[in-house]
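Per the working numbering, the sequence shown starts with residue 502, numbered consecutively.
It should be emphasised that the hints constitute simulated quantities derived from the structure, not laboratory data. Where hints are given, some of them may not hold.
Stated by the list, open to error - The calculated label-pair distances, taken between Cβ atoms and stated as ranges, are:
1. Thr655 x Thr589: 25 to 35 Å
2. Gly607 x Ser555: 18 to 28 Å
3. Asp577 x Met645: 13 to 23 Å
4. Gln693 x Thr812: 38 to 48 Å
5. Ala736 x Gly845: 24 to 34 Å
6. Asp762 x Arg821: 19 to 29 Å
7. Asn819 x Met645: 17 to 27 Å
8. Thr710 x Asn684: 21 to 31 Å
9. Gly845 x Asn629: 29 to 39 Å
Idealized CB from N, CA, C, for every residue including glycine.
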Amino acid sequence: MNALTRRITLGLLGIGATMLGAAAHGQAFTDDFESYTVGGGINGQGGWSEWCQSSGVDVTVTNLRARSGSKSIQGDPGDDMTHRVDATSGMWELSLWTYVPTGATGTTYFIVLNDYPTASECQNWVYNFNQWSAQVRLNADTGMCEDAHLALGTPVPLVRDQWVEVRIVVDLDNNLHDLYYNNVPMFTQPQQWSGANIAIEAVDLYAETGTYWYDDLSVQPVSSETPLCPASYTAVRGLLVGGTLANLCGSDNAYLTHRPDVFRTSAVPPVQTQMDFTSPTDTPSELRIHLESAVNANNISQRTLIWNNDTQTYDLLNTRTLTQVDSSIDLTITTNPSRYVQAGTGRIRLLVQCNALAFTIAPIWQHRMDDVVVTVVN
Numbered sequence: 502m503n504a505l506t507r508r509i510t511l512g513l514l515g516i517g518a519t520m521l522g523a524a525a526h527g528q529a530f531t532d533d534f535e536s537y538t539v540g541g542g543i544n545g546q547g548g549w550s551e552w553c554q555s556s557g558v559d560v561t562v563t564n565l566r567a568r569s570g571s572k573s574i575q576g577d578p579g580d581d582m583t584h585r586v587d588a589t590s591g592m593w594e595l596s597l598w599t600y601v602p603t604g605a606t607g608t609t610y611f612i613v614l615n616d617y618p619t620a621s622e623c624q625n626w627v628y629n630f631n632q633w634s635a636q637v638r639l640n641a642d643t644g645m646c647e648d649a650h651l652a653l654g655t656p657v658p659l660v661r662d663q664w665v666e667v668r669i670v671v672d673l674d675n676n677l678h679d680l681y682y683n684n685v686p687m688f689t690q691p692q693q694w695s696g697a698n699i700a701i702e703a704v705d706l707y708a709e710t711g712t713y714w715y716d717d718l719s720v721q722p723v724s725s726e727t728p729l730c731p732a733s734y735t736a737v738r739g740l741l742v743g744g745t746l747a748n749l750c751g752s753d754n755a756y757l758t759h760r761p762d763v764f765r766t767s768a769v770p771p772v773q774t775q776m777d778f779t780s781p782t783d784t785p786s787e788l789r790i791h792l793e794s795a796v797n798a799n800n801i802s803q804r805t806l807i808w809n810n811d812t813q814t815y816d817l818l819n820t821r822t823l824t825q826v827d828s829s830i831d832l833t834i835t836t837n838p839s840r841y842v843q844a845g846t847g848r849i850r851l852l853v854q855c856n857a858l859a860f861t862i863a864p865i866w867q868h869r870m871d872d873v874v875v876t877v878v879n
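Construct the complete structure from the given sequences, taking the supplied hints into account.
Written as structure tokens, this is what we have:
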């Protein structure tokens with residue numbers, strides 16, 4: 502299956518409507534509808550509003566059934582509630598739990614829009630098909646959950662008398678999405694998200710012609726991890742003994758090896774290798790660095806540094822004494838990792854320096870690297 506991978510979801514299901522702040526250039530939120538008054542609506546609360554300043558289309562808060570807690574919302578024919586998201590990048594997971602009782606008829610929709618006006622813009626808004634990116638339709642008349650937007654998905658049998666999840670996974674960076682009902686994928690491979698505005702501007706709960714129940718809505722960014730091998734390397738100091746760029750990718754006992762080029766000791770490390778990586782984003786949430794290396798002599802020190810684009814200098818990450826068998830370090834940068842990614846190019850630059858701690862005949866010792874990986878967490 503070529504579906505978008507479901508990875509580490511950031512966020513948690515809170516009490517009531519919980520805004521989690523700007524994340525991946527959008528407003529993450531969850532709502533379990535516990536904070537609203539039974540018998541009332543949700544318009545004007547928790548970020549909810551009736552469709553584009555309409556009136557009389559609010560849902561009803563009920564304690565008749567609930568997936569979590571004691572409350573959910575009931576959508577009756579024509580009810581139409583929206584919540585802004587305004588996400589423009591990253592991967593997102595949207596999850597809504599739905600309940601269809603035996604005997605229910607009609608249709609309801611879980612809709613995601615790539616373009617949705619502000620309150621002041623609604624009066625003059627002219628909407629069109631391209632502004633809808635996902636329309637998951639629960640159709641009690643056909644007994645199926647359907648892709649009502651692209652009509653490319655395979656309908657999934659509707660489940661009655663129990664809570665079932667509708668899940669939409671959106672990769673805005675690659676303009677793709679997947680649909681799931683009851684954890685069953687509706688696409689055989691991810692489909693285009695938008696032919697117009699690549700964004701998640703709002704979600705819409707629209708009970709078109711039926712009565713349905715909704716609970717535990719979650720709109721969350723998903724963390725993606727991209728491992729990177731070096732795109733290039735430069736021997737700043739030292740002589741090449743053997744190996745190529747390809748030997749830096751993968752722990753396979755095939756090495757890129759250098760040695761000092763003069764018979765002397767020096768305050769300047771005589772072996773220095775600079776490696777460049779290309780990040781898919783300029784604004785990672787975390788960087789992880791893995792480096793496997795060894796030497797063929799004792800008392801050789803290795804320093805690992807990373808280029809800081811803010812200060813235009815290298816920052817020291819790690820110093821250690823190497824052994825004559827392969828060993829590795831794993832470093833994690835969580836504080837302002839964007840300073841180590843060059844804006845516009847995505848370049849990440851590492852520098853590995855080696856020097857003898859005591860007198861060693863220079864040509865005898867050799868520094869070898871086998872596996873150098875920078876993982877970008879977005």
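Checked hints:
1. Here the CB-CB span from Thr655 to Thr589 is close to 30 Å, well matched to the stated 25 to 35 Å.
2. At roughly 19 Å, the beta-carbon separation of Gly607 and Ser555 lies within the given 18 to 28 Å, and the hint holds.
3. Evaluation of the 13 to 23 Å hint for Asp577 and Met645 yields a pass: the beta carbon distance comes to about 21 Å.
4. Remark: the range hint 38 to 48 Å for Gln693 to Thr812 is upheld by a beta-carbon distance near 41 Å.
5. Between Ala736 and Gly845 the Cβ separation comes to about 27 Å, which falls inside the hinted range of 24 to 34 Å.
6. In this structure the hint that Asp762 and Arg821 lie 19 to 29 Å apart at CB holds, the actual value being about 23 Å.
7. A C-beta distance of roughly 56 Å is found between Asn819 and Met645, which places it outside the suggested range of 17 to 27 Å.
8. Taking 21 to 31 Å as the suggested C-beta distance range, the pair Thr710 and Asn684 conforms, at roughly 26 Å.
9. The supplied range of 29 to 39 Å is met by Gly845 and Asn629, whose beta-carbon atoms lie about 34 Å from each other.
Checked against the numbered hints above, the structure breaks only hint 7 and satisfies the rest.
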